[in-house]
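Position 186, counted from 1, in the sequence shown is what my numbering calls 217; the numbers after and before it change by one each time, with no gaps.
There could be a bad hint or two in this list.
So the derived label-pair ranges between C-beta atoms look like this [stated by the list, open to error]:
(1) Gln-42 <-> Glu-136: 20 to 30 Å
(2) Ala-99 <-> Gly-55: 12 to 22 Å
(3) Glu-136 <-> Arg-43: 36 to 46 Å
(4) Arg-43 <-> Gly-75: 10 to 20 Å
Simulated from the structure, these hints should not be mistaken for lab results. Each residue gets a CB set at the ideal place from its N, CA and C atoms; glycine is no exception.
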Amino acid sequence: MDTTTHANELQRLILEANKIMESGQLEEALRALARVGELATDLGEWDTAIRAHQITAEAFHQGGNLGAAFSHAAEGLYLSLEHAPDQVLPALGQILAFMEKAIAERRYYVAEEVGPGLLRELEHLTPAEGAEVWRDLARELAIVIMLVGDAKGDEEHPSFVEALTRAALVDRGTKGRLNLNMWVHSTAIRAEKVTDGQNSVAP
32 MDTTTHANEL QRLILEANKI MESGQLEEAL RALARVGELA TDLGEWDTAI
82 RAHQITAEAF HQGGNLGAAF SHAAEGLYLS LEHAPDQVLP ALGQILAFME
132 KAIAERRYYV AEEVGPGLLR ELEHLTPAEG AEVWRDLARE LAIVIMLVGD
182 AKGDEEHPSF VEALTRAALV DRGTKGRLNL NMWVHSTAIR AEKVTDGQNS
232 VAP
C-alpha cells in the first residue's frame, strides 16, 4: 500500500475501534486498538500510536488487569520519549495513576516491579543538558516509589531506600536535600490517604 492508502486504512481502523469501544465489546475493542497502534507505528503517526496504547492501557486498567495496563502505558511513554516530547507528561501521569492504584489496593509487587525499572529508564534517557523536565519526572516517580515503603511502614524497604538514593542524586547540594525532605514528608501524608492507616508512616 502507498502512503495515502495506509493513511486511509489508519483512519478506517480508528473509526472501527471507536465504534467497537462504544458498544462495550472489550476484547474486540482491544484487538482493534492493537491494529491501530501497529499501523500508526509503521506510518510514524506517533500521536495516534501513543493514544492507542493509552486507551488500551485504560481499558485493561478498568478490567482489573494492571499488568497489561502498565505494559501498554509504558509503551506509550517510551514512544513519547522517543518521538513526541509533548506527550511525555500525560503518558507518565497515566503510569503514576496506575501505580498509586496498585499501592492503594496493597498490590505492592506491581509498583515495586514497575517503579525502579521505569526510573532507571528515565535516568538513562536523561539528556546531559537542559534536563529540568526529566529531573522533574524522576522526582515524581521517586515519590511514588517511596510511597510503597511508606505504605508498608518499612523505611528499610529496598524500593524506599533506592528511591531516596536516586532522588538525592537528582538535585545535589543543600537545595536538593531540602527538597528531598519535603518529598519524604509529602509522601508520608499521601501514604495515609491511600491506605487504611494501619501500615502508613505518620508525617
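Against which earlier hints does the structure fall short, listed by number upward?
1
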